[in-house]
Amino acid sequence: MSTASSGDPLVDLLMASLTRRKATGQVVGGEDAGREAARWMADSGVARAVLASDPVVDGIGLPDALRREGIDVIMWPTGLGKRETMGLEGPIDVCGVTVPALAVAERGTVVLEASEGHGRGLDVTSRHHVALLPADRIVRTLGEALALTFADGRPAPSAVSLVSGPSRSSDIEKIATLGAHGALTEHVVVIR
Amino acid sequence: MSTRKRRGDGGVAYLDVQGTLRERTVDALRDRTLRGNLDAAAASWGEGRDSMRRDYGLDDMRERAREIRRSNIRNLPALLSEMQAKVREAGGTVVRAADGAEACRYITGLAQARGVKVVAKSKSMATEEIKLNEALDDAGIEVVETDLGEWILQLANEHPSHIIAPAVHLNREQVAALFREEAGTDDVPDDREGLVAHARVRLREKFAEAGIGVSGVNLGVASTGTVCVVENEGNARLVTSQPRIHVAVMGMERVVADWDEAAHILEVLPMAAIGQDAANYVNLITGPRRDGEADGPEEFHLVIIDGGRGALRGTEFEEALSCIRCGACLYSCPMWRSVGGQAYGSPYSGPIGAVITPLLEGPSSPASRDLPFMSSLCGACGEACPVGIPLQDLLVRARARSSSPATRTSGMAFRAWSRLWRRPSTYRAWMAGWRLMLRARGKSGWATELPGPGAGWTQVRDMPTRWPPRR
Amino acid sequence: MRTCLSDAVAPSVWKSSKRVLERCGVDVKVPRAQTCCSQPAWTAGHPDQARAVARHTIEVFSGPEEVVVPSGSCAGMVVHAYPEMFKGQPEEEAALDLARRTIELTQFLAKHGLDPGRGSRGPVTMHDSCHMLRVLDESQSPREALAKAGCEVREMQHTDRCCGFGGVFAINFPELSGRLGEEKARAAIGSGAREVVSCDLGCLMHIVGLAHRQGIPLRARHVAEVLDR
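Chains as they are written, first to last, in the working numbering: chain A, 1 to 192; chain B, 193 to 663; chain C, 664 to 892.
It is worth saying that the hints were derived from the structure and are not from the lab. For clarity, every value in this text was computed on a predicted model and none was experimentally measured. Take these hints with a grain of salt, some might be off.
[As the list claims (entries may be wrong)] Derived DSBU-like pairs: lysine-lysine, alpha-carbon spacing no greater than 35 Å straight-line:
#1 C:811 / C:692
#2 C:692 / C:750
#3 C:774 / C:692
#4 B:635 / C:681
#5 C:681 / C:692
#6 C:750 / C:678
#7 A:82 / B:309
#8 C:678 / C:692
#9 C:678 / B:635
Chain A with its partners taken away, still in its complex shape:
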């Protein structure tokens, strides 16, 4: 994870917040994004990637980059049954790849919207979560993000998920433990 300043204060703030949330992130140019994301997934031992059907995914050439790394690629909607979706059957090391509509720099939050191309459970049914975030989608505060998401005249999405770090549970001896239900990792690729 790069600690050098990106030159964009919102990006830098987001990176710092992601660290606080125990997520990871990197800032890359569009030409490198597909390769870098695929490499991160390969390094994390990902066997299968479930990708949101979104122009950003194709725009950075991610499906091909993943195949080059030997990672199995499935586009949303997957047609898989519930058990396989949640990792009870099939490979366990699955990565859900999302494309946030927005991100909140102050909190280290990505804002995911459900749609035909973007399942509402993409990030949480899988063991890993990679978010592909165009840098111009970053706002500073939660208030701004919610105002944009639920703007007057814009139909509310069926499900908006604010995700701030990998899943955490603090129920056993009141000490935060990762990964009770949702993804154990979260990696945000900020695309310039």
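Given the structure of chain A, go ahead and fit chains B and C onto it with the hints provided.
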């Protein structure tokens, strides 16, 4: 699994409560493990809270949060109408349940009509209040709590200790033992990570099987008909995305007008609840899945519960409805920290529980009428409350409303007290008598046994009969 | 205001308060007819009984003078609860007036910049009663007074935690009240001082009564008595 609880007829307090409130506090005080766990939990919360005040300006946010919630309660009927209309517009169904029994009937009926055999639940105080698990259980439907702490409690056959961290009174060894019993095998890890991983797999089976997912609602946003479900684990997301039907249960007072207000409350909530500036997952759900979407429930049902809340509007207890169920007052309360949540005998424990449980149940309800008295009125709760509810004042008002044999006796005593102490001559006479009694009972400046109500004093401490007290 | 607790258990407290004020050149009246601020009945949930006694208190203390109380608890009761108690009642005006004029002893000293001169040297530890801390929002004035008197204060841990007295709570839930009192007594001894001092007699009776029962060697005095030596 449900021998502990039976369905009631609208009460809030648990039906399997044993002994008096005082007896339960005495039992709790004897439990060293409990005390250790509570202290650790409260200390960690306290550090987080201090950080929020120091680094994130929590104190400045409280005033606005208070104003927002008070205005929500003032405008409640209009907000609920709008909420209802918007949910229906989005394709959802809304049910306004007068009480817990009506809510349970609706949800059970829905499950039966759809042929659902398994219900997966994420944590919801409202569903504990209405005893939904018992109702489903009575109808032969399997209910699984998916919040890790709540599942642990379900296995242990116990009630939660705390609104946010329900299993805070259990430790790792106790949890491992429960998991072994549930899985029917000794092959369950001992370490924290291993235990969590084990639970992950067991509960995913249930998500896959469940025909209905039931969640609570932290906040309803009227302007778009959206329910907000806040969590850290991700189980609420699975509960609200995997089963074919989603039922959201919401207390009628948990609604804000618009997203400006919602943003503020959603920021304050994790600060007060867990001492962090964000919870891991905030799920904002508006109706069922849209046409063309490949996951998400096909049906969305919002059950809005009155259960006595509406009747509090316009009374001296109205501010209690501002509560956003963060649990800060519990952690800040010296009483709760000493005895834990289970001693209260209600899903709502701590200072807020001591106020609203008897209010929702009625002043002569045996299970809850003593609750407001189990407080030293220290005021730490009102100080900790992110929406500025003056809980210590509400506790005093709740005491005035309480009706029980004990309060009737004390009422007689205070009538006599009032007659004597409003007149200087009788007051002085009383004082002279009292000082004589003290001298008579004192040995070397201390009395170890006092008569009447004084016995409560000398049960655990001596009374100095001279001042400054003798060594 | 003498306070009923001082009348009942420790007349030296109100007498020391009077002397301390007089040493500062204050003209002090102690109305003989006074009784009680009515807090025991109010917090026990008997507002009508409380009001009857509070009415007498309002009458006794009518006049222009400031009413000085050697108790954060009683002062807090008048300042915070009398307005609520008499809202819509015929005595509302008089109650609000009294609430405006009522002040705890060390707050009075601080407000008027008074210095009673040398008191005990200590060391003592300071217990902040919940009413001082949260109703009157005050922790500075007693420490200021003790510092001016040349008394050394050693702070205990968790000064902001309730001692467990709580009025009727001490009698209704003795075990829980006792546990909190024991923790407070141990914290007090843990400060290194052998004496606990407070602006509130109720807390002190409870803490020192607990300490004596448990064999914890802790002494106690009211802040007025420390300033009076």
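Evaluation of the provided hints:
{"no.": "1", "hint": "C:811 / C:692", "verdict": "holds (25 Å)"}
{"no.": "2", "hint": "C:692 / C:750", "verdict": "holds (29 Å)"}
{"no.": "3", "hint": "C:774 / C:692", "verdict": "holds (19 Å)"}
{"no.": "4", "hint": "B:635 / C:681", "verdict": "holds (30 Å)"}
{"no.": "5", "hint": "C:681 / C:692", "verdict": "holds (9 Å)"}
{"no.": "6", "hint": "C:750 / C:678", "verdict": "holds (34 Å)"}
{"no.": "7", "hint": "A:82 / B:309", "verdict": "holds (17 Å)"}
{"no.": "8", "hint": "C:678 / C:692", "verdict": "holds (12 Å)"}
{"no.": "9", "hint": "C:678 / B:635", "verdict": "holds (25 Å)"}
In the structure shown, no violation is registered for any of the earlier numbered hints.
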